[in-house]
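Following this note's numbering, the numbering of the sequence shown begins with 1 at its first residue and continues without gaps.
No lab work stands behind these hints, which were simulated from the structure alone.
Just so you know, nobody snuck in bad clues.
Now the in silico label distances, taken between C-beta atoms and shown as ranges:
(1) Asn-160 / Glu-111: 27 to 33 Å
(2) Arg-68 / Ala-156: 33 to 39 Å
(3) Ile-70 / Gln-225: 15 to 21 Å
(4) His-54 / Arg-109: 26 to 32 Å
(5) Glu-155 / Arg-49: 37 to 43 Å
(6) Ala-140 / Gln-230: 29 to 35 Å
(7) Glu-155 / Glu-111: 21 to 27 Å
(8) Glu-220 / Ile-70: 23 to 29 Å
(9) His-84 / Ala-197: 37 to 43 Å
(10) Ala-223 / Ala-156: 29 to 35 Å
(11) Ala-223 / Arg-31: 15 to 21 Å
(12) Arg-20 / Trp-247: 36 to 42 Å
As the structure is a prediction and not an experimental result, all values here were calculated from the model.
Every residue gets a Cβ at the ideal spot worked out from N, C-alpha and C, and that includes glycine.
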Amino acid sequence: MNLRICTYNIHKGFSQFNRRMVIHELRDRLRQLEVDIVFLQEVQGLHFRHATRHPDWPVEPQHEFLARDIWPASAYGGNAIYDHGHHGNAILSRYPILSSHNQDVSDHRFERRGLLHCEISPGPELPTIHCVCVHLGLMAGSRRRQMDALARRMEALAGNDAPLLIAGDFNDWRNHAEDLLVERLGVREAFAGASGAPARSFPSRLPLFRLDRIYVRGLEVSASQVHFGQPWSRISDHAALTADLAWPA
1 MNLRICTYNI HKGFSQFNRR MVIHELRDRL RQLEVDIVFL QEVQGLHFRH ATRHPDWPVE
61 PQHEFLARDI WPASAYGGNA IYDHGHHGNA ILSRYPILSS HNQDVSDHRF ERRGLLHCEI
121 SPGPELPTIH CVCVHLGLMA GSRRRQMDAL ARRMEALAGN DAPLLIAGDF NDWRNHAEDL
181 LVERLGVREA FAGASGAPAR SFPSRLPLFR LDRIYVRGLE VSASQVHFGQ PWSRISDHAA
241 LTADLAWPA
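Take the sequences, apply the hints, and build the full model.
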């Protein structure tokens, strides 16, 4: 059995610089990727003002709108909460989500962050997969503390060998995640390969910076791809990343 996954910072359903609402086009593009599990960041759970200004603003939360008819299971963790709404991370899955928990790892009150951890059952004869969707802070010290919290949670709940997927926007300009997560959790970055460097994913028009990641343990990476340029650059300032995974023989 193969597994195809995606991580994508969707910029709250708006194009770069918030010029256009693109949530409908975004849903179409996600479906064309034909992935089994989707890790999303900057997902708008609720926004009263957008709902008033845009007549085609989805009635349901964005993760439910995107998941409809394709991914029967979904989980959302609201991190940034304000008077007119909230946004956070989400996981969409073709397979049952057995449990979900959103851990607050905010380092200060000006930047709310969380780790959305789901246990997903890919089939009756396959082990449960621990899936974590992350969107880490902009400051290096914050990211170190947030990755430490992530490692501690997975060490406690996923042990040393349970299948593990960690994906999202790491904001990790200098690739410090590689040392901490690889050493403590035994994961492998899906794009690193022989070069040891993750994929360039930002900005989506012509990616220069390596901000988004997919870390894998317990499955083998057979292919990976960065989705950038047109039409993706019309949807978000981040590129979407996909990885094809297989269970070891």
